[in-house]
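Asks: Full structure from sequences and hints, please.
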Amino acid sequence: MEHTLHTLKSTVSDLTQEISATSLLATSEVEEFRIRFLGQKRGVITHLFKVIPTLPKEDRREAGQLLNSLRSVAQSKLDSANLAGNQLTDHSSQIDLTLPGRQNQWRGSLHPITLALTKITNIFYRMGFTIAEGPEIEDDWHNFTALNFPDDHPARDMQDTLFIDEGNPDQSRIMMRTHTSPVQIRMMVAGDPPFRLIAPGRVYRNETITYKSYCLFHQVEGLVIDEGVTMADLKTTIYSFAHAFFGKNVKLRYRPSFFPFTEPSAELDIWWELPDHPDGGRWMEVLGSGMVHPNVLKAVGIDPERYTGYAFGMGVERPAMLHYDIKDIRTLYENDIRFLSQF
Amino acid sequence: MKISYNWLSDYVEHGLASADIVDALTMLGLEIEQSQELILSLDGVIVAEVKSVRTHPNADRLQLCDVDLGDGNARQIVCGAPNVAANQRVAVATIGTQLTVNGELLKIRKGTKIRGEISMGMICAENELGLSENHDGIMVLTGQSTIGEPLIEYLSREHQIVNDTSFDLSITPNRPDATCHIGVARDLCSLLDAPLTLPKASPPSTKAAVAEKLNVSIECPEICRRYTAMIIEGVTVGPSPIWLKRRLYSVGIRSINNIVDVTNFVMFECGQPLHAFNYDRIHQQKIIVRKSSPQEAFITLDGKTHSLDDGTILICDGQEPIAIGGIMGGKNSEVDDSTKTIVIESAWFDPSSTRRSAKSLGILTEASYRFERGVDTQLQPWAAMRASSLIQELAGGSILNGIIDEHPTVDLPLSIDLRLSRIPKILGTEIPRERIIQIISSLGFDLDETSNGVITCIVPSYRPDILQEIDLIEEIARIHGFENIPLHSSTSLQLPVPLSRPDDQSREIAHSFLTGHGFREIYTNSLLPDEEASTFCHEVLGTDHPSVKTLNAISGSMSTLRPSLLPGMLKVMKHNVHHSQKILRFYEFGHLFHRSTKQATFIENYSEYDGLLIGISGQIQPHGWDTPPRTSDFFDLKGDVGQFLEALQLMSALRFEFHNQPSDITDYHITLFHKNTQVGTIAKLASSIQDSYDLPDPVFFAELNWTRLVVLYDQVPDQTYTPISLFPVVVRDLALSVDRSQPVGPMVATLYQVGKPLIKDVNVFDVYTGERVPSDQKSIAFSLRFGANRTLRDEEIDRVMEKILNVFSEQFGAILRI
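These protein sequence lines map, in sequence, to chains A and B. Residue numbering for the first sequence follows the numbering used here, starting at 353 and increasing by one per position. Residue numbering for the second sequence follows the numbering used here, starting at 6 and increasing by one per position.
Accuracy of the hints is not assured; some may be wrong.
[What the hints assert, rightly or not] Per label pair, the in silico range of CB-to-CB distance:
#, chain 1, residue 1, chain 2, residue 2, range
1, B, Q165, A, D680, 45 to 51 Å
2, B, K430, A, T683, 42 to 48 Å
3, B, D781, A, E384, 46 to 52 Å
[Said to hold, decoys possible] In silico EDC-like pairs for lysine to aspartate or glutamate, Cα to Cα no more than 16 Å straight-line:
#, chain 1, residue 1, chain 2, residue 2
4, B, K579, A, E518
5, B, K587, A, D688
6, A, K471, B, E513
7, B, K364, A, D512
8, B, K554, A, E686
9, B, K430, A, E518
10, B, K579, A, D688
11, B, K576, A, E686
12, B, K430, A, E657
Keep in mind that the hints were calculated from the coordinates and are not lab data. Fair warning: this is a prediction, and the values are worked out from it, not measured in the lab. Built from N, CA and C at the ideal position, the CB exists for glycine as well.
Replies: Written out as structure tokens, the structure is:
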């Protein structure tokens, strides 16, 4: 049949109606539809495209657009039928609703250390703490001296600290920070009281890797400096934290300890229930704390007579391992998908 | 450090059960890590007498004993101890007795035959009875005893031996005073307001007879501030009495002989380590304390030869070294069974010097444990005297009149002013003045209330940790009890409003975008093998500055700080491939490190910044019932990274640079720039590196400089809303045929350029090469969306299309396909 633009238009209109009226529920219908309209050899629309060169030049573009849009109508009808795919049956009531949903992508996951870190920092953020960060490569002054570590403190030995540069009389020793406390020093040097901050981050120890120790781990350390800050404020803060983190019924114990940068120093223990343990559980250290030592305040130019403050610090891995019942710290750094997909 | 419940009770009447002691000491800051009950379960063990001893017919090392168990009859018992002899009173475990030996149950059975001979019980050694660790021979009873009486009656009557509990204390480094029973008892006294009972030992006057027999000189007074010595003549070296063995047993110390045991006993009593020399082995009656010269060799008591570091404290006689000061004595001057005259050394050695030496020698002894914390500077004469009188009591002999006391450096006691008003300012609670005074004085401070509200405290010589007022406040808080510090029920609002971490918001977007797109977050080690670190110090990844090595690497595989997150992720991919995982999609945040003088960040010569690595390999998605498997490719990653940057609103601020040529670590890559600063790389990992990590499928990764992106993110202006156009959008498709090598990117850019301002969106929906286009051509199909704040007329769009076609034909040689 010879076509003009006019006849082409009416054919296209007829076909459009036919396409919309065709039922595509059965697989056989879908295939029939494809062959009828879009088949390479006998498809009606395919055939109509061949008409274009026979039309007058000025009509060709419009004809092309007309057919293109017809083809896309047919194609999208076919596509949506195909999307329903293999599960098509003769009656839609028989669609197999038990087939698994299509997984275009699986669910990703956050690492449990991120989960624990976020949980900890969020609690302190809600209590009004600013979140600060600092470098992992540190110098001796920020990591030790300003924090009142004596010159011959064992922590300064090669056994415990990973050194980068031994230093010389003109230059400080450089090391991997052994705690995030140097961030507090940086913040205090850079600003003026009051301070109310936590410093989360990665810290390093020169330790052999075993099931319970790794050469690096994560910490969150806190600092509050203001006029009139007391140990009662400290105890209130960390008790509130422990209740928020471990649950409001957790049993706590607050006992004296020692850290060079705090005086008095205290350790917070939680009672961890263990059904198989002869005592029904045991005390676990979760958080070190204390009143900031006057020597630390002096080192950063804060008057310890006017200002007092407290500091605290906790590991992230240990509570995460307790919480998720992870026995071997290396599991956290192995990143096996079978492990990661559980979070 | 171990202490014993019974021993502690010698110095303080505390009235506490052992479980209460655990709580009390822990809450005083002397944490008890473990406690172990030392129960004497001696049911069935009785006093017996050996009547005669015969050789065992079938065994050289065994003997047959006829033993009287109290009924006058002789019963045969097989015994292997070398020291068994007739007429000894011994401890016999009778038939049916159950003993616990080294944690294992041992039952004495009826009719047991040993090498064919019947044995009617067992003659016990001390370790079998849980009295000491001694198992060299059977226990011979030397006190008053009755044959047949239960052994427990004999032991409690003769030696006051009862059940005990051993506590394992974790002593913090600031508490050298608590490394002994008296020190721990002093804390309890302060807590309970009870008196401290000290054994009597009055040091004799100095420089009497003893000075004739021994000359002591200190050549290094800075590290040996005091050296005292006493001499005891005519001692009989032999086994210690059972009470002493039991005391040492309760703190985990092996009994050696009565002399050495006394020195250990006094150390655990008062904290002063002592050493006993065999006087007759000291050449020229001289003791010289000096520093070692480099590589000086020395043989310690345990028979091991050590090469000493420069500056180790050496105790020498007129000829050679006889001990390493504060750590261990020498073989050459050891007290043995034939020793007649002994020298008791009671000295003060410098803590840090002792610690360094002990560490470099790899010898940690009970003595070095105490010296490195700092022993009492005044206790030496008391401890020497206490030990001498105990030795005289147990080993006989006579104490030579006087004491040698070389004391070149005398420390004046420190005095500290304590302002009572300061205490509540630190602790947040009021403690009554009387309680404060009771606490401080019971801890051994001399007090003087000089003026209103100020107490001057003289620090006792055993508390070198107390240096300023705050240390006194800690002592008060500690004894008062941290549990008595009140909790606030409310607190005022703290201002200013806290700042979140600079990248908190952007990081949250990153986490939710990436996990939502099927990526799993990983944490990997920051320490890498050196060669691996150098491989990834590459300019393609942003910087080729050298990596940062550690001086004291934990191991070869952890010697250098990571310059890139890539090696960590490749190892994680390898691990998971080995465990049959098919879909590998990971990301990691972490610090990266370089040695750089120009780009140093916090610390001079070092550059450190936060990186974000996103990587994919293997299948793109799970193989479903209608989703055929497909291997991930570059455009999967490029698409994800592009959308990620869109999510952070950074896409428009960045410029892409395309590199088709391979580098050492990539087959091809795109470099991301902000102005002229590199902020990231999207790449295909070099196949050679992929192979070296044993990965079956190509790896695509994007490593971003997160620190720089966060700075950019903060500069993104706050967005305002653009009203949505009420007019319809016009869609036009455009299929063009161009040269096969023509990149699509510039064409898209040109479309936007030429189509301004009507063109709103360009989408590439098909790229085709094949039979329907010439072999040197490809077909590209664009879908264009036009819009404006009015209804667009077809002619307007036609004009734009016309213009586009002209430009395309000119710039790209593009031919419109029909």
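Asks: Need the status of pair K587(B), D688(A): alpha-carbon distance at most 16 Å?
Replies: Since the Cα atoms of K587(B) and D688(A) sit roughly 13 Å apart, the hinted pair holds (cutoff 16 Å).
Asks: Quickly compare the C-alpha distance for K471(A) and E513(B) to 16 Å and report which way the hint goes.
Replies: 13 Å, holds
Asks: Does the alpha-carbon distance linking K364(B) and D512(A) stay inside the 16 Å limit?
Replies: 12 Å, holds
Asks: Would you check the hint for K576(B) and E686(A), treating anything up to 16 Å between C-alpha atoms as holding?
Replies: Satisfied, since the Cα-Cα distance of roughly 9 Å is no more than 16 Å.
Asks: With a cut-off of 16 Å on the C-alpha distance, tell me whether K430(B) and E518(A) pass.
Replies: With a Cα-Cα distance of about 41 Å, the restraint between K430(B) and E518(A) is violated, given a limit of 16 Å.
Asks: Given the hinted pair K554(B) and E686(A), is their Cα-Cα distance within 16 Å?
Replies: 23 Å, violated
Asks: Given the hint of 42 to 48 Å, is the C-beta distance from K430(B) to T683(A) inside that range or not?
Replies: With a Cβ separation near 46 Å, K430(B) and T683(A) satisfy 42 to 48 Å, so the hint holds.
Asks: Given the hinted pair K579(B) and E518(A), is their Cα-Cα distance within 16 Å?
Replies: 36 Å, violated
Asks: Mind checking the hinted window 46 to 52 Å against the Cβ distance between D781(B) and E384(A)?
Replies: 39 Å, violated
Asks: Would the pair K430(B) and E657(A) pass a check requiring their Cα atoms to be no farther apart than 16 Å?
Replies: 10 Å, holds
Asks: Given the hinted pair K579(B) and D688(A), is their alpha-carbon gap at most 16 Å?
Replies: At roughly 10 Å apart (the allowed maximum being 16 Å), D688(A) and K579(B) satisfy the hint.
Asks: Could you say whether the range 45 to 51 Å given as a hint is met by the Cβ separation of Q165(B) and D680(A)?
Replies: 48 Å, holds
Going down the numbered hints, you'll see the structure goes against 3, 4, 8, 9, while the others check out.
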